[in-house]
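*Asks:* Sequence:
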Amino acid sequence: MALDRLLKSLFSRLLNKKVISIGTKYYATNELETEYVGLINLTKTMLVEIQPAQINSQTIFANLEREIDQRNLPQNRKFIEIKPAEDKINEFALLSNIIMGSDRYLYVELFKPSQLIETFAQMIIDADGEIIEKSKTELVGHMPSKKEGIRLAIEMITQGMQQNNNVRAAVGMTGAASIERAIDMNREIGQTSGVGFTKLGGEYGVIFEQQPTTDKIHLTPIEADNFMYIDAKDSTGFISKYGKDRLIEIMNDINTYIDTEGNGKIEGYRVGGDDLITNFPNKEIALKTALDCAWYALNNELNLRIGIGRSRREAGEHAHLADDLKINDDTASIVFDMANGIYSYYIPTAFTRSAIDYLQNKTLMLIGIFLFIFIVTIIGWNTQNIWLGFVALIIAILVATLMN
198 MALDRLLKSL
208 FSRLLNKKVI
218 SIGTKYYATN
228 ELETEYVGLI
238 NLTKTMLVEI
248 QPAQINSQTI
258 FANLEREIDQ
268 RNLPQNRKFI
278 EIKPAEDKIN
288 EFALLSNIIM
298 GSDRYLYVEL
308 FKPSQLIETF
318 AQMIIDADGE
328 IIEKSKTELV
338 GHMPSKKEGI
348 RLAIEMITQG
358 MQQNNNVRAA
368 VGMTGAASIE
378 RAIDMNREIG
388 QTSGVGFTKL
398 GGEYGVIFEQ
408 QPTTDKIHLT
418 PIEADNFMYI
428 DAKDSTGFIS
438 KYGKDRLIEI
448 MNDINTYIDT
458 EGNGKIEGYR
468 VGGDDLITNF
478 PNKEIALKTA
488 LDCAWYALNN
498 ELNLRIGIGR
508 SRREAGEHAH
518 LADDLKINDD
528 TASIVFDMAN
538 GIYSYYIPTA
548 FTRSAIDYLQ
558 NKTLMLIGIF
568 LFIFIVTIIG
578 WNTQNIWLGF
588 VALIIAILVA
598 TLMN
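Start counting the sequence shown at 198; every next residue gets the next number (the working numbering).
I should point out that these hints are in silico values taken from the structure, not numbers from a laboratory. Don't take every hint at face value.
To be verified - Below 25 Å or equal to it, Euclidean Cα-Cα: the simulated DSS-like pairs (lysine-lysine) are: (1) K275 <-> K309; (2) K485 <-> K462; (3) K462 <-> K205.
This structure is a prediction, so every number in the text was calculated from the model and none was measured.
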């Protein structure tokens, strides 16, 4: 733990940005999580804070208003805070969203039996969701996105209250998590209609003490797309070393992966080019695909700078911020916004990764070497044999080399 803090402090100074984590201590529970946790720890991928987010209930509710289509958010909604968010980006929550996807499970409960449950089930199917479980008063569905789950829940609440039947809804990472969130809301507000959700480690709700009105909130529409800009760093140098055909092969592989497995819509890519722009259905998929692409390219000696943003321009601007994230040599970086801050996944060079590995795995040996040199040097000074310190240093270097 002390070494981890020391390394984060060291790299924070070297990068002139706060390093939140090096690798991850995320506890993997399935094959997919094990794969990503292994790659993050193998590459010593760092989560770096470029511009800190200001996290509070006000900013979280403002972000929610912008994330949900304004036509679906009534004016008479009321926000509540059940559990405050942490005033920092939670590395574990962020990684969980990237690996498993954001809160896509929607739990819905009618406080009294009604045929509305059949209507709600059909609404989920019509929204490209999937019914997981259903009873006379409850159902669990898997939605295309967290945003779509909240939007649909508000529509269900409107229909339920029109028939004098309050509706409880909640979104979560799993069906069980969404049910647990609904239970937390019940304890907080009773049988008041509302939908619960999480944001940055906190729990919140949009509730309706009266039937949702047809009057909607009025906000200036913003682009809700998730663009990813990919650019090969020093493509000229890469071509001179490995050839143009090798660059084309790697970029074509990335293009194919995004198109077939990343659910991305590719724009502006030409065969032989060293950059491309892609639009994704949500940020979590964009981040997951960005990590996959960066690791694949890195394995082929190519460094990518990747930016993720709500517009093509913002994605490009974020990618250019990656140029400032380096110690000496170029390496891969992914820059993205989170809340109202800017963060990056920074993948250090092979030399830096080896140095971190050595420090993490040889800590006891290094402490022993330091103590040996220190003690022998003190003895040399006290006995007027200063040369003993130099001998100890040479012996320590020989021992470390042989042990390595």
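*Asks:* Looking back at the numbered hints, which does the structure fail to meet, lowest number first?
*Replies:* 3
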